[in-house]
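A.B. asks: The primary structure of each chain is shown beneath.
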Amino acid sequence: DAGVIQSPRHEVTEMGQEVTLRCKPISGHNSLFWYRQTMMRGLELLIYFNNNVPIDDSGMPEDRFSAKMPNASFSTLKIQPSEPRDSAVYFCASSPQGYGYTFGSGTRLTVV
Amino acid sequence: DQQVKQNSPSLSVQEGRISILNCDYTNSMFDYFLWYKKYPAEGPTFLISISSIKDKNEDGRFTVFLNKSAKHLSLHIVPSQPGDSAVYFCAASGLRGNEKLTFGTGTRLTIIP
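Here the protein sequences come in this chain order: B and D. Position 86 of the first sequence, counted from 1, bears residue number 86 in the working numbering, the numbering being contiguous throughout. So the mapping is simple: the working numbering equals the position in the second sequence, first residue as 1, plus 112.
Watch out, some of these pointers could steer you wrong.
Here are the computed lysine to aspartate or glutamate pairs in the EDC-like style, where the Cα-Cα straight-line distance is at most 20 Å [to be verified]: (1) D:LYS149 / D:ASP136; (2) B:LYS68 / D:ASP136; (3) D:LYS149 / D:ASP113; (4) D:LYS166 / D:ASP136; (5) D:LYS149 / D:ASP171; (6) B:LYS78 / B:GLU62; (7) D:LYS149 / B:GLU14; (8) D:LYS180 / D:ASP143; (9) B:LYS24 / D:GLU211; (10) D:LYS180 / D:GLU170; (11) B:LYS78 / B:GLU14; (12) D:LYS117 / D:ASP143; (13) D:LYS117 / B:GLU44; (14) B:LYS24 / D:GLU154; (15) B:LYS78 / B:GLU18.
I should point out that these hints are in silico values taken from the structure, not numbers from a laboratory. Here the structure is a predicted model, which is why all the values come from computation and not from measurement.
With the rest of the complex left out, here is chain D (with noise of 0.2 Å):
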């Protein structure tokens, strides 16, 4: 029961563009949110989080949005840079952070010089 989704397992996009990753949580009781990026033969690094007390947090050129009716959260980048290209992973977790966190199975993002 996969309860944090990533439906796209890659994504493509132009450097200098806008790169948009999805995740969908089916658990109503997730309340925070977060981003983690995570390069070859390293472990994941965090990058963005937000709670569900809010809709978007931004962080330069990241930013995430939160659509707690829709259950849907989605990660901007931009403007795309090559050293962008990682797998990102989209987790969810029912306090702050500080117990476990549920991951989707990650989007691989591609930038194209």
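This is chain B alone, in the form it adopts within the complex (with noise of 0.2 Å):
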């Protein structure tokens, strides 16, 4: 198994761009998450999906963000306009029903 896939793994884009992460799952993982990591707060869970449906989206900064899981096997992270404070690292990671989480190797978007 390849595990958790992440693309791209590092993202350079101007202020204003529109930026996609994706995402693909372990095969058979019911759950999927969102994390990103900054210094100030650590792992904070943006979105979750279980059986392709979105559960809990509270950790959403604002409508900039937007999240999709048209199949279990893929999702997308887009962040529409970008800005310098959207700057992190952002992580998937899917889980099975029951057990912990495996996680991607994460994407690290700078937005200058």
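Using the hints, put the two standalone chains together into the complex.
C.D. replies: This is the structure:
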């Protein structure tokens, strides 16, 4: 199993541009989570899906952030328009029912 | 509102000695606790967990202790090895890990050879 796959690994973009982060969860895992890591707040949950349905998006910072999971093998996190304060490492994780997470390697986003 | 707190951002320990990482939580609904370890440029990986019905769980060099009355847990690593140098995150869940995890801010552990 290849694990949770995130792309791109690094993204540098200009303020105001649209950014799309991608995640392929482990096959058979029915929950998918998007986290953001910053020095000040550590790992904070943005949104999670169960069986492709968004369950809790209370951590999404504002309307500029949106996430989709069109099928069990793919999810996207989109930021439009991006701002410098969005610079962080974004992690995707997946989980089978009743067990802990497996994280991807993350996408380091820099907005200049 | 930080429901899971790791008040020590960093810790340095001599190789061979015991490392103790601490974590406090405020939400009484948490009943499952986990520690994750993170190396640079990698995602966090699961290390050890404990259910609220226990007060200790041991796995090799790693032991997690839970004090429910104090809402405090700790991770003990003994003996500490250079490969243990990483960032350690404490996390909590309302169910056995199949719902969202609430993470702390992490503690960077450095093992000094």
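A.B. asks: Now tell me, hint by hint, if it's right for this structure.
C.D. replies: For each hint, the structure was consulted:
1. Taking the CA atoms of LYS149 (chain D) and ASP136 (chain D), the gap is about 17 Å. The hint holds against a cut of 20 Å.
2. Proximity of LYS68 (chain B) to ASP136 (chain D) is assessed by CA-CA distance (about 33 Å); at most 20 Å being required, the pair is judged violated.
3. Proximity of LYS149 (chain D) to ASP113 (chain D) is assessed by CA-CA distance (about 23 Å); at most 20 Å being required, the pair is judged violated.
4. Between LYS166 (chain D) and ASP136 (chain D) the CA atoms are separated by roughly 17 Å; this keeps the pair inside 20 Å, and the hint holds.
5. Pair hint LYS149 (chain D) plus ASP171 (chain D) holds up; C-alpha atoms about 14 Å apart against a cutoff of 20 Å.
6. For the hint linking LYS78 (chain B) to GLU62 (chain B), the alpha-carbon distance of about 12 Å falls within 20 Å, and the restraint holds.
7. Pair hint LYS149 (chain D) plus GLU14 (chain B) does not hold up; C-alpha atoms about 32 Å apart against a cutoff of 20 Å.
8. With a CA separation close to 9 Å, the supplied pair LYS180 (chain D) and ASP143 (chain D) stays within the 20 Å bound.
9. Annotation: proposed proximity of LYS24 (chain B) to GLU211 (chain D) holds, straight-line Cα distance about 19 Å (limit 20 Å).
10. Of the pairs offered as hints, the one joining LYS180 (chain D) and GLU170 (chain D) holds, with about 17 Å between alpha carbons and a cut-off of 20 Å not exceeded.
11. A C-alpha spacing of about 15 Å is found between LYS78 (chain B) and GLU14 (chain B), which places the hinted pair at or below 20 Å, so the restraint holds.
12. Between the alpha carbons of LYS117 (chain D) and ASP143 (chain D) the distance comes to roughly 16 Å, so the proposed pair stays at or under 20 Å and holds.
13. Simply put, LYS117 (chain D) and GLU44 (chain B) have alpha-carbon atoms about 12 Å apart, close enough for the 20 Å limit, and the pair holds.
14. Between LYS24 (chain B) and GLU154 (chain D) the alpha-carbon distance is near 16 Å, which keeps this suggested pair within the 20 Å criterion.
15. For the suggested pair LYS78 (chain B) and GLU18 (chain B), the alpha carbons sit about 7 Å apart, so the restraint of at most 20 Å is met.
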